[in-house]
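**Student:** Chains as they are written, first to last, in my numbering: chain C, 8 to 260; chain U, 4 to 165.
By construction, these hints were calculated from the structure, which means they are not laboratory data.
Be aware that one or more of the hints could be misleading.
[What the hints assert, rightly or not] Straight-line Cα separation of at most 30 Å, DSS-like style, residue types lysine-lysine; simulated pairs:
1. K13/C to K34/C
2. K13/C to K161/U
3. K83/C to K49/U
4. K76/C to K87/C
[Said to hold, decoys possible] Reference excerpt, derived from the structure (chain C facing chain U, CB under 7 Å, subset only):
5. M14
6. E17
7. M20
8. Q26
9. P28
10. I49
11. F52
12. T53
13. Q57
14. L59
15. A63
16. L73
[Claimed, not checked] Computed beta-carbon distance windows for the label pairs:
17. A30/C to K75/U: 43 to 49 Å
18. V46/U to Q46/C: 49 to 55 Å
19. I70/U to A44/C: 23 to 29 Å
20. P68/C to K75/U: 41 to 47 Å
21. D52/U to S162/C: 36 to 42 Å
22. D71/U to K76/C: 43 to 49 Å
23. N67/U to V259/C: 52 to 58 Å
24. K49/U to A180/C: 39 to 45 Å
25. G242/C to D71/U: 35 to 41 Å
26. A85/C to K161/U: 44 to 50 Å
27. P28/C to I70/U: 30 to 36 Å
Glycine included, every Cβ here is placed at the ideal spot set by N, Cα and C.
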Amino acid sequence: MMDETKMTDELIMAYADGQLPDAEARKVERAALADPALQEKIRLFTDTAQQLKAAAAELPPVPDSLAQKISSILEKDAEKPDHVEQDNVVQLPQRRWANQWPAALAASITLAIGVAAGAALGPFGGPQTEPPFGLAALADPEIAVTLSGAASGSSSVLGSGATLNVIASFVDADNTLCREFDYEAANGPSIVSVACRVNDTWRPKIAIAASHDQAGTFAPASSLEALETWLSTSGFGDALDPATEKQRLADVD
Amino acid sequence: MPDCFHTALTEKLPNLRRFALSLCRSAHVADDLVQITVERALVARKSFDPASRIEFWLFRILRNAWIDMVRKQKVRGQELDIHEAPDLGGEDSHRGETRLMVATVLAAVDQLPLEQREVVVLVCFEELSYAEAADILNIPKGTIMSRLSRARTAIASKTGIK
Chain C
8 MMDETKMTDE LIMAYADGQL PDAEARKVER AALADPALQE KIRLFTDTAQ
58 QLKAAAAELP PVPDSLAQKI SSILEKDAEK PDHVEQDNVV QLPQRRWANQ
108 WPAALAASIT LAIGVAAGAA LGPFGGPQTE PPFGLAALAD PEIAVTLSGA
158 ASGSSSVLGS GATLNVIASF VDADNTLCRE FDYEAANGPS IVSVACRVND
208 TWRPKIAIAA SHDQAGTFAP ASSLEALETW LSTSGFGDAL DPATEKQRLA
258 DVD
Chain U
4 MPDCFHTALT EKLPNLRRFA LSLCRSAHVA DDLVQITVER ALVARKSFDP
54 ASRIEFWLFR ILRNAWIDMV RKQKVRGQEL DIHEAPDLGG EDSHRGETRL
104 MVATVLAAVD QLPLEQREVV VLVCFEELSY AEAADILNIP KGTIMSRLSR
154 ARTAIASKTG IK
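Turn these sequences into a full structure, and let the hints guide you.
**Tutor:** Take a look at the structure:
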């Protein structure tokens with residue numbers, strides 16, 4: 008049976024650009040077998056595509072005057088009070104301390120269990136209260152000890168068999184030292200938490216339960232986004248550098 | 004804390020400016036268009052779907068800004084200042100043999116009529132699909148294809164690709 012498809016320039020170009028569905032692409036190929044003129048047309052479109060692509064690699068530079076104008080517009084925008092609420096571009100890979108997150112953790116956050124401002128960690132300060140619902144894991148007294156001494160990036164195995172990874176240190180708007188950490192119980196969920204040093208006690212400000220699902224596959228990271236949102240709206244500065252952190256920890260003891 | 008949206012905008016400035024240049028062929032009008040685009044993008048940022056490609060969204064804003072600008076100029080009875088030398092490729096791109104070919108191709112693009120030029124920039128420079136370009140330019144996909152094939156044929160004859 009004769010192939011009745013008319014080989015228009017548009018069709019040939021779409022073939023050369025890889026924008027034809029398979030069935031139609033096969034028709035063009037079949038027709039081209041016996042048609043040197045068609046072959047040449049295909050070459051014209053593939054060649055121009057390549058030439059244009061090569062030309063496109065060299066973007067004209069943005070003039071300094073424009074770059075400066077735009078950056079001052081963006082600076083003004085960043086100063087707007089409702090700026091954070093406007094942000095609908097949450098990109099986890101660009102998170103401030105993204106490179107400090109244990110890889111397994113990023114894959115495993117499943118449930119936020121909320122802010123626990125009233126609870127104290129471990130044996131320091133005040134009467135030991137019952138751990139609030141959902142925060143039993145944070146009752147491990149060694150958490151507070153480790154938070155007072157371990158450098159960020161370090162990983163400690165506690166007496167309970169749990170692992171405590173200290174992620175970062177930073178100060179809040181009141182210059183209170185806070186530490187973000189990940190507590191992995193020997194069996195059971197991991198907790199990501201931020202605790203701040205208030206009245207000689209480490210107090211968790213937020214805790215998010217994380218668990219590895221049984222298949223070991225990636226769970227939605229929306230809870231990590233919740234943590235990110237909380238961090239970005241809570242007035243914390245950037246993560247402290249190792250020297251500053253060491254200094255602040257020395258004051259804790 | 005760096006704002007991802009701001010970062011994405013800043014990264015796309017060269018692409019926005021190239022598209023703007025292809026529309027208006029005037030460096031200073033192009034700069035105005037890019038600035039308007041950034042300002043409108045900031046105002047409309049809530050309408051941006053983070054799951055989609057930001058350049059796609061930005062190109063549409065820029066093209067609408069261009070249409071507005073042309074309309075306003077017509078109303079005022081003024082002509083846009085398009086007398087500056089158009090420069091789609093930048094000053095430094097004209098050296099060496101490959102550079103020469105690049106310059107030839109860019110010059111050929113520059114001589115295309117506006118309706119073909121904008122399609123070439125979106126599809127061949129920015130690597131959008133025909134359908135995406137049709138969406139930005141608000142014309143049928145078939146029109147994109149006919150304009151683009153005519154443009155490519157013209158470029159081929161100008162650059163000796165044949």
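**Student:** Is 52 to 58 Å respected by the C-beta to C-beta distance linking N67/U and V259/C?
**Tutor:** 56 Å, holds
**Student:** Does 44 to 50 Å hold as the CB distance between A85/C and K161/U, or does it fail?
**Tutor:** 45 Å, holds
**Student:** With 7 Å as the cut and Cβ atoms as the points, is L73/C at the interface with chain U?
**Tutor:** 5 Å, holds
**Student:** Taking the closest Cβ pair, is P28/C under 7 Å from chain U?
**Tutor:** 13 Å, violated
**Student:** Can you let me know if the beta-carbon spacing of V46/U and Q46/C is within 49 to 55 Å?
**Tutor:** 51 Å, holds
**Student:** Quick one, are K13/C and K161/U close enough, alpha carbons at most 30 Å?
**Tutor:** 27 Å, holds
**Student:** Could you say whether the range 23 to 29 Å given as a hint is met by the Cβ separation of I70/U and A44/C?
**Tutor:** 40 Å, violated
**Student:** For the hint on M14/C, does the least C-beta distance to chain U fall short of 7 Å?
**Tutor:** 12 Å, violated
**Student:** Straight-line Cα separation of K83/C and K49/U no greater than 30 Å?
**Tutor:** 18 Å, holds
**Student:** Holds or violated: 39 to 45 Å for the Cβ distance of K49/U and A180/C?
**Tutor:** Between K49/U and A180/C, where Cβ atoms are some 27 Å apart, the hint is violated.
**Student:** When you take the CB atoms of P68/C and K75/U, is the distance between them in 41 to 47 Å?
**Tutor:** 28 Å, violated
**Student:** Take the C-beta atom of D52/U and the C-beta atom of S162/C, compute their distance, and say whether it sits inside 36 to 42 Å.
**Tutor:** Cβ of D52/U to Cβ of S162/C: about 38 Å, so the range 36 to 42 Å holds.
Taken one by one, the earlier hints fail for this structure at numbers 5, 9, 10, 12, 13, 19, 20, 22, 24, listed in ascending order.
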